[in-house]
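Participant: Chains A and B supply the protein sequences, listed in that same order. Taking our numbering, the leading residue of the first sequence gets 3, the next gets one more, and so forth. Taking our numbering, the leading residue of the second sequence gets 29, the next gets one more, and so forth.
It should be emphasised that the hints constitute simulated quantities derived from the structure, not laboratory data. These figures come from a predicted structure and were not determined experimentally. One or more hints might be untrue.
[Stated by the list, open to error] Okay, the calculated bits of chain A under chain B, using three or more residues with CB under 8 Å as the criterion:
| # | segment |
| --- | --- |
| 1 | 44-52 |
| 2 | 144-151 |
| 3 | 191-204 |
| 4 | 213-224 |
| 5 | 259-271 |
Using N, Cα and C, we set each Cβ at its ideal position, and we do this for glycine too.
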Amino acid sequence: MSMTTRERRSAVLGVITLLTVVLAVVFGSPDKHAISLAEWARNAPNDFVTTAVAELDGSSGTATYGAPYVNDPTAGQKLGPLPLQRFGGVREPVDTAQDFVIGPLSTVTSDPALRSALARYQGASDDQRKAWTGAYADALGKAPDNDPAKVATGDYGPVPLLAGRLLDLARSGGLDGQLLSSGGFYQTDYAKPLLFIADGTYLEDQARAEHLGGDQWGMMNETGGYPGQAWLWLYTFWYQIPPFSSSDNADALVWALMMVLSLALVLLPFIPGLRSIPRATRVYRLIWREHYRTNR
Amino acid sequence: MTTEERMWTARLRNRATRALPPDQLLPDRQPAYVASWIYVFGVATLAALLVVLVSGGILALEGPQWYHGSPQGHFVNSLHLWSVELFFFTMVIHLWGKFFMAAWRGHRAMTWVTGAIAFLGSIGTAFTGYLVQSNFDSQWISTQAKDGLNSVGVGAWFNVLNYGQMLLFHVVLFPLVLGFLVIWHVLLVRRRGVVPPFADEAAAATPVPQAPQGEEVAS
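Put together the whole structure using the sequences plus the hints.
Facilitator: This is the structure we're talking about:
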């Protein structure tokens with residue numbers, strides 16, 4: 003006995019619902035907890051201090067990013083001669099030294115040594131600050147494991163103390179709140195803490211351990227063995243091959259290419275050649291096998 | 029024209045009825061060639077979307093932190109995840125099927141166009157879902173994806189680091205647009221009907237059976 007249209011629709015809905023429930027029961031879903039600044043500071047203090055010094059020095063990824071965070075006409079990706087990234091403007095301004103280091107430390111009022119170090123740093127000329135942060139960043143880079151305790155002696159001014167106190171603040175959990183509470187009581191924008199964490203290597207190390215690196219098809223995957231956003235395979239694919247994999251403008255190039263391909267998909271019925279593929283490949287004879295057999 | 033006929037409600041009703049008569053809007057029979065298994069995937073996509081909406085609705089009802097701390101919440105999150113996976117799986121097969129059927133033939137180009145845009149819109153909607161999980165995946169995906177959006181100058185408006193904006197994109201803005209596209213797509217399918225087989229050497233000899241002569245099958 004054949005089913006009616008309505009019965010078949012209900013059957014399909016039933017099968018899909020049942021499949022969903024079975025997959026959810028058997029496989030569940032991933033939920034690796036988010037990394038806090040406190041966790042980062044506790045588990046990878048050397049990376050945290052190195053990153054904090056880079057934020058103070060203005061040499062971190064965010065500090066040199068360009069639009070929409072930093073006003074730097076020389077930074078940002080281009081599509082050929084078009085500086086698309088700069089066209090958006092600096093709409094989410096971030097001053098990494100002030101927002102990530104000096105600002106949070108300035109709220110700590112019960113530490114005379116810190117107050118003195120802050121006053122000395124803020125009272126120094128830009129060149130002097132740059133000399134201190136640059137020298138300390140170099141020294142950290144040369145120290146075993148980038149360990150601040152093993153840094154060679156040198157003229158770093160108040161920078162080691164500032165970085166050390168920021169580490170203490172982060173370990174206590176205070177910095178998580180500080181970076182989020184810059185605009186009022188209710189907060190929904192995690193840009194600053196996320197940019198800070200992403201400037202270090204701890205987040206990426208965790209991601210690579212989960213096979214989520216950019217060269218590991220990371221954009222379409224998720225933690226655990228879950229299928230993730232498999233539908234992003236084509237977008238992710240371009241990042242794995244030259245010239246995209248080695249270009250400084252990879253994101254702009256891939257986005258432009260995907261825009262063109264998406265437009266081609268949408269306008270396929272109007273594109274000569276592409277729209278003739280179905281007739282030429284004759285896959286339709288498999289789809290309508292029954293029809294062609296009965297109408298032979 | 030009478031006063032009644034001049035009313036916008038009457039004009040809209042008449043226009044809608046002309047474009048989509050009730051038996052065309054909600055057919056109970058389809059042409060015989062719709063018996064092919066490939067047609068199931070269109071309905072399956074809609075069925076999966078329904079499960080996505082219901083499971084997502086329950087998550088919205090309880091709030092975005094619910095599933096981190098409660099087994100019930102985690103289970104509903106799993107339902108939401110797997111229904112999305114099934115939604116894309118069935119939709120991609122539906123898309124490939126329609127491609128090889130050249131389903132845009134016979135004034136059906138707009139049906140293809142709305143379907144293709146809905147597919148791309150679904151990718152954007154699912155992507156924002158991954159951003160609002162408020163877990164490690166959200167952190168990693170957002171810090172990676174920002175570079176793509178920023179590289180073309182739209183990152184400040186589509187700010188993947190802004191949890192509040194992404195949550196609203198995911199549960200309000202994108203579903204509204206996607207819902208509109210899906211309804212438009214389905215109405216176009218109803219209006220134009222499913223695409224008939226190519227009138228090639230076999231079919232050319234015999235006219236394609238049309239409703240209501242065809243057997244009753246799922247559309």
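Participant: Compare the structure with each hint and give your call.
Facilitator: Hints, verified against the model:
no. : hint    : result
1   : 44-52   : violated (count 0)
2   : 144-151 : violated (count 0)
3   : 191-204 : holds (count 7)
4   : 213-224 : holds (count 5)
5   : 259-271 : holds (count 6)
Consistency note: the structure conflicts with the earlier hints numbered 1, 2.
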